[in-house]
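Student: Given next are the chains, with one letter for each unit.
Number of protein chains: 2
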Amino acid sequence: MILLQIIFTNVGNPHALGQKPLTFPRQVVALCQAPFLLDDPNVELVFPADAIARAKHYLSLTSGGLGAYSDAHGIPGIRKEVSEFIERRDGYPSDPEHIFLTGGASIGVMQILNCIIRGELDGILVPVPQYPLYSATISLLGGSLVPYYLEETANWGLDIVNLRQSVAQARSQGITVRAMVIINPGNPTGQCLSEANLKEVLQFCYQNNLVLLGDEVYQQNIYQDERPFISARKVLMDMGGNISKELQLVSFHTVSKGYWGECGQRGGYFEMTNIPPKTAEEIYKVTCTSHSPNVPGQIFLGLMVNPPKPGDISYERFVRESKGILESLRRRAQIVTDGFNSCRNVICNFTEGAMYSFPQIRLPPKAIEAAKNAGKVPDVFYCLKLLEATGISTVPGSGFGQKEGVFHLRTTILPAEEDMPAIMASFKKFNDDFMKQYEDYGGYLRM
Amino acid sequence: MILLQIIFTNVGNPHALGQKPLTFPRQVVALCQAPFLLDDPNVELVFPADAIARAKHYLSLTSGGLGAYSDAHGIPGIRKEVSEFIERRDGYPSDPEHIFLTGGASIGVMQILNCIIRGELDGILVPVPQYPLYSATISLLGGSLVPYYLEETANWGLDIVNLRQSVAQARSQGITVRAMVIINPGNPTGQCLSEANLKEVLQFCYQNNLVLLGDEVYQQNIYQDERPFISARKVLMDMGGNISKELQLVSFHTVSKGYWGECGQRGGYFEMTNIPPKTAEEIYKVTCTSHSPNVPGQIFLGLMVNPPKPGDISYERFVRESKGILESLRRRAQIVTDGFNSCRNVICNFTEGAMYSFPQIRLPPKAIEAAKNAGKVPDVFYCLKLLEATGISTVPGSGFGQKEGVFHLRTTILPAEEDMPAIMASFKKFNDDFMKQYEDYGGYLRM
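Residue numbers (UniProt numbering), protein chains in the order written: chain A, 1 to 447; chain B, 1 to 447.
Treat the hints with care, as some may be off.
[To be verified] Derived DSS-like pairs: lysine-lysine, alpha-carbon spacing no greater than 27 Å straight-line: (1) B:285 x A:376; (2) A:285 x B:385; (3) B:372 x B:428; (4) A:56 x B:20; (5) A:285 x B:403; (6) B:285 x A:403; (7) B:285 x B:376.
Since the hints were derived computationally from the structure, they do not count as laboratory data.
Given only the sequences and the hints, what does the whole structure look like? Please build it.
Tutor: Written out as structure tokens, the structure reads:
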């Protein structure tokens, strides 16, 4: 029996696949954890002066260091740094009072959905395929998921006609659709929404009185130049008029993705736009039940929105490290897409952003039959065979939702770049053999 | 106008009131945040060798350092350290598979209540007065809080007769009582439950088919020798027989309390005893929605259950620091109790454990009337006057629940020991003046 090495491409967890943490933020947080070092004459032998200064800055924003609870919605000084980042990014002022720091973006999504969903007749529009945080949370909170399908043939674009149909159908079932989720860049689908598309979405939400939840956690992960990330908030503000003053929007971000990949630190935020003060107060009460988000995670967030600047001692290293990660991810996105498209019966849209590839696997009827005989969903059957044969661990498309009779899988693009060609070759060998085995001409072929 | 310094005795947040973090755990976590230091020849100039070894140990338990998600229920190696701690504490084996690490005890409580409460007819027995996490979470989850009153005249003891009455009354209203919460040592009441009392509680839960939730986050905070902390689990195991194999118990612990006070790090765990595997699986699914608890918090928890041992370089310093905190808290518990009992119309049970004092304030009828005229609940009125006059920020007893017509406030015992006499003198002056002003003989007295 040969023991395979498992290649975990099933979770967007970069450090688990060998991505090194950025040095500067780790230095700052390490110093914040060990404030007694700040008085140690030897500290400059192991930490650069700008990291020491930054640690002092963040400690001064806390009320008692990393061991003290902060405000339930986060340290005011860091919320201010987040608002300045948003202002620089979008060109519109942002109010720290409308920013809540959270222990990762997921916690924020759960808190907001908790405030929106009152019962099973409250519906949330969610893209399909979708990252299952949304389906799981809506189900846990006892609401209704209202699916809208992304168009695979249009590189997973969002068609407003589909949205209208989904809402009409939900309403005919007595459901009050209260909010809409967009994931931009897409998870698992990797598309970047265009400005025109975002405008349509915002108008649609406004007409239908929906809160828009903008999951923008992959905003730093962009692998092409044609469609840069643009925030839902910027598009909304650009639109001007009543919609920009009335449409309710909550945007989410995190330190877990981007070139940071600091998943284990659990740091994130959400920003509320046009949320009425009374509602914001209720959201604040919900956040209070779980005390403050973890303070080190808040400091990582501060560092993400306020990285070293030109002229700082650590600036060059920081830029070198982050560019290295991002450029490698861009090359990996291409290697993975090309690899999948070179396989028999596999077609794959290019990963424009985020960290995933979501190829369609055209399973022959005999493979579907074999899966049925094995008591498995067809794409689960395929992914298990893939795992057994190659050690590559992926997530079947049925975990994200897909159209009836169409099958996918999700991989991350996170394995080390030097391992990528071998992984894709291993995948291709498995897939092409699998397809030969189950294809309908000539029946069963020996492999 | 004189600007008062606000003295925040309203939250159990030790570091915010100047308590210094323990050095060794901070050194270890700082090194885990900065793993590149482990190869730095200068590292031994600023970190002791056992902290370096411990950091390497914890990093080896992670799958990618502090930046990688762990398992949703925590790092297996740290769950093992927790189980060994429980085994040493209770004298009975503990299974790491039944231990879930959480981002603080509150998150664990919320996850468990989420699995217990199906709707408004599911009731949870909760002590009154109680730490409002329970009332808030039950209300958020749409369940019913079933109160049982603690006996102030019996030093906040738990009377089984009260429990029976509470359950009978809830049942008469169609409520299915499904679980019971104990907080031991008590928050806000500070009592330590005796072994005999715990036995009665366990038997009561067994007879009534209730899950027992044991909030034991203050287990290290004990300020007398007569009634040491004893875990609900140990008492259950000591009882033997069917009850020890069948009664369902979930126990909670944290790094936020004890002599650690690392609230901002958000580290905790719960241990499940006799929870059926199917249920544990469902609980696991709930924890998965919010990914892993923050990894630095998990490492703090590992350090709490596995502190330096005799012979380790850092042992003496660790013991000196932790004993210093605990002994000072013991003295402060006495200063606060004595201080309150020296005040007019105030009676106060001794803080046997935890971090709070919960004196009863016997408000004269005229004070109650004045509160009513000001549109305030009487104890809120009193606490606001106290804040205005002295800067001492407390929580009115009505925030925790109390019997009709009886009034309290909660303070922590956390202000620095050297400040304590002045704070209590300031309180006494305010209180005694307040009482004179509102007492019924001779009407209004000038102060």
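Student: Would the pair residue 285 (chain B) and residue 376 (chain A) pass a check requiring their Cα atoms to be no farther apart than 27 Å?
Tutor: Since the Cα atoms of residue 285 (chain B) and residue 376 (chain A) sit roughly 21 Å apart, the hinted pair holds (cutoff 27 Å).
Student: Holds or violated: residue 285 (chain A) with residue 385 (chain B), Cα cutoff 27 Å?
Tutor: Distance of about 25 Å is within 27 Å: holds.
Student: Can the restraint linking residue 372 (chain B) and residue 428 (chain B) be considered satisfied, given a maximum Cα separation of 27 Å?
Tutor: 24 Å, holds
Student: Is the Cα-Cα distance between residue 285 (chain B) and residue 376 (chain B) 27 Å or less?
Tutor: Roughly 44 Å separates the two Cα atoms, so the pair is violated.
Student: Check the hint pairing residue 56 (chain A) with residue 20 (chain B) against an upper bound of 27 Å on the C-alpha distance.
Tutor: Holds, because 16 Å separates the two Cα atoms, which is no more than 27 Å.
Student: Verify the proposed pairing of residue 285 (chain A) with residue 403 (chain B), using a straight-line Cα cut of 27 Å.
Tutor: 25 Å, holds
Student: Residue 285 (chain B) and residue 403 (chain A) were given as a pair; does the straight-line alpha-carbon distance stay at or below 27 Å?
Tutor: 25 Å, holds
Checked against the numbered hints above, the structure breaks only hint 7 and satisfies the rest.
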